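Residue numbers (my numbering), protein chains in the order written: chain U, 1 to 84; chain Y, 1 to 153.
Honestly, I wouldn't trust all of these hints.
Claimed, not checked - Below, computed lysine-lysine pairings styled on DSSO-like, alpha-carbon distance capped at 30 Å: (1) Lys131(Y) <-> Lys16(U); (2) Lys87(Y) <-> Lys27(Y); (3) Lys3(U) <-> Lys126(Y); (4) Lys16(U) <-> Lys142(Y); (5) Lys127(Y) <-> Lys3(U); (6) Lys27(Y) <-> Lys16(U); (7) Lys126(Y) <-> Lys142(Y).
Unchecked claim - Far from chain U by the CB rule (all over 12 Å, computed), these chain Y residues: (8) Met1; (9) Leu16; (10) Lys27; (11) Ala122.
Rather than coming from a laboratory, the hints here were simulated on the basis of the structure. Note that the structure is a prediction, hence the values are computed from the model and not measured. Heads up, the beta-carbon is just placed ideally off N, CA and C, and yes, glycines get one too.
So you can see what is in the structure, the chains are spelled out below.
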Amino acid sequence: MTKLVYFAWVRERIGKSEEEIALPASVVTVSDLLGHLQTLGEEYETALQFPDVIRVALDQEHVEHDEPIGDAREIGIFPPMTGG
Amino acid sequence: MTPTPTIRVQREDFDLQAEIDLLSKGKPGIGAIVTFSGLCRDEGGTLAALELEHYPGMAEAEMTRIAAMAIERFTLVGLTAIHRYGKIAAGENIVLVIAAAPHRQAAFDGASFVMDFLKTSAPFWKKEHGKDGVERDWVEAKNQDDAARDKWT
Chain U
1 MTKLVYFAWV RERIGKSEEE IALPASVVTV SDLLGHLQTL GEEYETALQF
51 PDVIRVALDQ EHVEHDEPIG DAREIGIFPP MTGG
Chain Y
1 MTPTPTIRVQ REDFDLQAEI DLLSKGKPGI GAIVTFSGLC RDEGGTLAAL
51 ELEHYPGMAE AEMTRIAAMA IERFTLVGLT AIHRYGKIAA GENIVLVIAA
101 APHRQAAFDG ASFVMDFLKT SAPFWKKEHG KDGVERDWVE AKNQDDAARD
151 KWT
């Protein structure tokens, strides 16, 4: 099982702040994961319909979408950051 | 010796002078201290507050990574970065960066570098609350912030 955590409008659109899911073997990269999540329901589809703007962190470190997920335990999925 | 930065993510406000004193104590090599504070502006009287959401754990980790880069690149003698979360009313503090160095240019550059990276890679998000009590939308990321960060590379 992998822990997914969502923030800001990604969290609001999916309707939860975190969940544990079993990733199918076909999910290798971050991009594969975003594609897989979009098949889980309308709320995921809405949240992730523009995957290019979505930012992802593996075990709390930013990664590009072509990065393999490997054995990451926690995957953060969120919009571009607006702090500071 | 490489200084250890002070990194905090907190709900409560911070005190500029107290943080400057804490940073400079016992460091007689400091010749310049630059502080940057970011505040919640009222957007022409229409904004009541910002709701700051963050990714606990990663926010501190990312700020620590940014601080380490700045210390190395500008040979800073001390660095403090504090970012608040929760509901922050117009006029209140959001973020504080203090950079200390032997000479002014490194201190200016260090503070500027940390802010440019904080805005684009520290996991914080702002949602607007209007004066009319209505919760508005999430603040959109600006291309100019990416450009400000990219000028350092």
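Next item on the list: Compare the structure with the hints numbered earlier in the document and write down the numbers of the violated ones, lowest to highest.
Entry: When the structure is compared with the hints, numbers 2, 6 and 11 turn out to be violated.
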